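For the record, the sequence lines run as chains A and B.
Residue 104 in my numbering sits at position 104 of the first sequence, with consecutive numbering throughout.
Residue 451 in my numbering sits at position 154 of the second sequence, with consecutive numbering throughout.
It is worth saying that the hints were derived from the structure and are not from the lab.
Hints are supplied without guarantee of correctness; some may be wrong.
As the list claims (entries may be wrong) - 25 Å max Cα-Cα, derived DSS-like pairs, lysine-lysine: (1) A:K207 / A:K245; (2) B:K542 / A:K162; (3) B:K590 / B:K542; (4) B:K459 / A:K207.
Claimed, not checked - Beta-carbon label-pair distances, calculated as ranges: (5) B:E549 / A:H28: 47 to 57 Å; (6) B:S569 / A:K293: 16 to 26 Å; (7) A:R38 / B:R592: 37 to 47 Å; (8) B:K590 / A:T106: 55 to 65 Å; (9) B:R555 / A:H28: 17 to 27 Å.
For clarity, every value in this text was computed on a predicted model and none was experimentally measured.
Cβ coordinates follow ideal geometry from the N, Cα and C atoms, glycine included.
Listed here are the chains, written in short residue letters.
Number of protein chains: 2
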Amino acid sequence: MSAALENWQTGFIGLGLMGRPMCLNLLHAGAELTVYNRTHSVAEAMQQPHLTAVASAAELAQRVNIVILMVADTAAVESILFGPHGLSSTLRPGSLVIDMGTTAVTATRQFADRLCAKHIDFIDAPVSGGEIGAINGSLSIMAGGSADAIARAQPIFDVLGKATIHIGEVGCGQITKAANQIIVGLNIGAVAEALTLARLAGADLVKVREALMGGFAASRILEVHGQRMIDATFQPGGKVTTQHKDLTQAIELAAEYRQQLPASELNRALYSELIAQGQDELDHSALILALEKYRKT
Amino acid sequence: MSAALENWQTGFIGLGLMGRPMCLNLLHAGAELTVYNRTHSVAEAMQQPHLTAVASAAELAQRVNIVILMVADTAAVESILFGPHGLSSTLRPGSLVIDMGTTAVTATRQFADRLCAKHIDFIDAPVSGGEIGAINGSLSIMAGGSADAIARAQPIFDVLGKATIHIGEVGCGQITKAANQIIVGLNIGAVAEALTLARLAGADLVKVREALMGGFAASRILEVHGQRMIDATFQPGGKVTTQHKDLTQAIELAAEYRQQLPASELNRALYSELIAQGQDELDHSALILALEKYRKT
Numbered sequence: 001m002s003a004a005l006e007n008w009q010t011g012f013i014g015l016g017l018m019g020r021p022m023c024l025n026l027l028h029a030g031a032e033l034t035v036y037n038r039t040h041s042v043a044e045a046m047q048q049p050h051l052t053a054v055a056s057a058a059e060l061a062q063r064v065n066i067v068i069l070m071v072a073d074t075a076a077v078e079s080i081l082f083g084p085h086g087l088s089s090t091l092r093p094g095s096l097v098i099d100m101g102t103t104a105v106t107a108t109r110q111f112a113d114r115l116c117a118k119h120i121d122f123i124d125a126p127v128s129g130g131e132i133g134a135i136n137g138s139l140s141i142m143a144g145g146s147a148d149a150i151a152r153a154q155p156i157f158d159v160l161g162k163a164t165i166h167i168g169e170v171g172c173g174q175i176t177k178a179a180n181q182i183i184v185g186l187n188i189g190a191v192a193e194a195l196t197l198a199r200l201a202g203a204d205l206v207k208v209r210e211a212l213m214g215g216f217a218a219s220r221i222l223e224v225h226g227q228r229m230i231d232a233t234f235q236p237g238g239k240v241t242t243q244h245k246d247l248t249q250a251i252e253l254a255a256e257y258r259q260q261l262p263a264s265e266l267n268r269a270l271y272s273e274l275i276a277q278g279q280d281e282l283d284h285s286a287l288i289l290a291l292e293k294y295r296k297t
Numbered sequence: 298m299s300a301a302l303e304n305w306q307t308g309f310i311g312l313g314l315m316g317r318p319m320c321l322n323l324l325h326a327g328a329e330l331t332v333y334n335r336t337h338s339v340a341e342a343m344q345q346p347h348l349t350a351v352a353s354a355a356e357l358a359q360r361v362n363i364v365i366l367m368v369a370d371t372a373a374v375e376s377i378l379f380g381p382h383g384l385s386s387t388l389r390p391g392s393l394v395i396d397m398g399t400t401a402v403t404a405t406r407q408f409a410d411r412l413c414a415k416h417i418d419f420i421d422a423p424v425s426g427g428e429i430g431a432i433n434g435s436l437s438i439m440a441g442g443s444a445d446a447i448a449r450a451q452p453i454f455d456v457l458g459k460a461t462i463h464i465g466e467v468g469c470g471q472i473t474k475a476a477n478q479i480i481v482g483l484n485i486g487a488v489a490e491a492l493t494l495a496r497l498a499g500a501d502l503v504k505v506r507e508a509l510m511g512g513f514a515a516s517r518i519l520e521v522h523g524q525r526m527i528d529a530t531f532q533p534g535g536k537v538t539t540q541h542k543d544l545t546q547a548i549e550l551a552a553e554y555r556q557q558l559p560a561s562e563l564n565r566a567l568y569s570e571l572i573a574q575g576q577d578e579l580d581h582s583a584l585i586l587a588l589e590k591y592r593k594t
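One chain only, chain A, in its complex shape (with noise of 0.2 Å):
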């Protein structure tokens, strides 16, 4: 149990796939939580010691000094901070939001700047790592923000992950989560490509994975998602619908510096191709249907 959990009021919106297994680290951890979920039937059943569930983000800002937000998307973040209800209407000045989620980076920098005015302050600390991540308490945490606000927060991200980078100033962790997703949409596909060819040519999967984690081929998304394509099983993870959201928004923060990201764009377009087929819902893994209709039959 922490100390320095116990001495906070600490307020926790958003109970989806990686929220709820936050939550209970740091319930377990020793933190008095008060949550808010937009679906707040979610939030009533979730009864812990501990724990108590309100009604909007106003309500549960009266309560806290430190809010972590882990909603879905920058739309999302925008209502809960500055909508009817939100936190900013009645959050204590000297207060602190840590962003969690994977926010678009120009919106990331107008919140904290807007929260500043009435001297609230903003940590952006998305993550990697997944639902397996958020379990297990091992997310890598990827910080943009002030030093103080950052090291304020330290406790509750050494609960929640297993490594926390401090890359730069607020905006910065949105940044290199942006860079996170490109690398894991693309590294997804490369196993994709690798495997159908493999099996199409005859080569036993498992073997070939063996082979390939011992060279350059070596990644996190080999290991991992590699498996699952051989096993087929498609259960989220991390969901076709969030990676193509996720690499949309690096998609546009590129195009604010007119920059192209050509793989980036192809990998979407399969990303896209999966959602149109109403395979939204599985895990990002599922890339490899897509590769189905590049096969002439």
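Assemble the complex: chain A is given as a structure, and chain B must be docked to it using the hints.
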């Protein structure tokens, strides 16, 4: 010193970036080597105890019963095996040929059949790990062939590599290498786009790479080639021209099975652009330079 290696007369053909350090490792392990290189002066210049340079593959074949090939491409393998003064004209029945280069799968199967008719055994055993792996004897070896032939070659593989995986019959080593080269090329492309975006958006690339290594984006390519991109050092390593050739072979193999590989085809097109710009001798991590054309200024 390996007792097994001392009892053999081993031939080595191809003294390039990879072949030369592989020869030195075999010599240090106690092998007697006869070497042949298309440019004879390279072989003659490599003066070492227990090493004899000869002027043709046919001359080499008269002196040895195991031959390792590490030459540039499929055409070079065919020429050395079956061309004028080729190995097959003089190699004794019961000998073993080990092709450790990256050679087309269908041609590999045909070469093995033609040698089999002369009672010469064949293994395809391409490698991953690059020049560093060749120097350190830490290559990852992907082997196709009979279990007997691979057992015979094992003492050689143990000197040259840190792991040998027997994937399946002849051709399976090259299938695995094709899969490897797809992943290597595409993972380089992924890291190139990710770091390009992070740089433009203003993040510290050293910290970005460090953070990404902690999550699902982690890969050998991010570790090694990501660092080369940050340092902008593009000394090979593995050359642009080799990566392009290997991707072409993988795409052609897929086409034999009527399969398109859209991301691999885009990746190869980016490598083609580097070659067109005269950057063919740079390390394959130089793919990041091809993205400059995708920025509107």
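K542 of chain B paired with K162 of chain A [C-alpha distance capped at 25 Å] | violated (41 Å)
**Asked** Should the hint that K590 of chain B and T106 of chain A are 55 to 65 Å apart at their CB atoms be regarded as holding?
**Response** Since the Cβ atoms of K590 of chain B and T106 of chain A sit about 25 Å apart, the hinted range of 55 to 65 Å is violated.
Verify the proposed pairing of K459 of chain B with K207 of chain A, using a straight-line Cα cut of 25 Å.
-> With a Cα-Cα distance of about 16 Å, the restraint between K459 of chain B and K207 of chain A holds, given a limit of 25 Å.
| task | Determine whether the Cβ-Cβ distance between R555 of chain B and H28 of chain A falls within the hinted range of 17 to 27 Å. | result | violated (53 Å)
Subject >> Proposed proximity, K542 of chain B with K590 of chain B (alpha carbon, max 25 Å) >> reply: At roughly 22 Å apart (the allowed maximum being 25 Å), K542 of chain B and K590 of chain B satisfy the hint.
Original post:
For the pair supplied as a hint, K207 of chain A and K245 of chain A, is the alpha-carbon distance within the 25 Å limit?
Top reply: Answer violated: K207 of chain A to K245 of chain A is near 34 Å, above 25 Å.
| task | Determine whether the Cβ-Cβ distance between E549 of chain B and H28 of chain A falls within the hinted range of 47 to 57 Å. | result | holds (55 Å)
Would you say the C-beta atoms of R38 of chain A and R592 of chain B sit inside 37 to 47 Å of each other?
For R592 of chain B against R38 of chain A, whose Cβ atoms are near 39 Å apart, the range 37 to 47 Å holds.
Could one say that the CB atoms of S569 of chain B and K293 of chain A fall in the range 16 to 26 Å? Holds: the Cβ-Cβ distance is about 25 Å, inside 16 to 26 Å.
The structure fails hints 1, 2, 8 and 9 (numbered hints given earlier, in ascending order).
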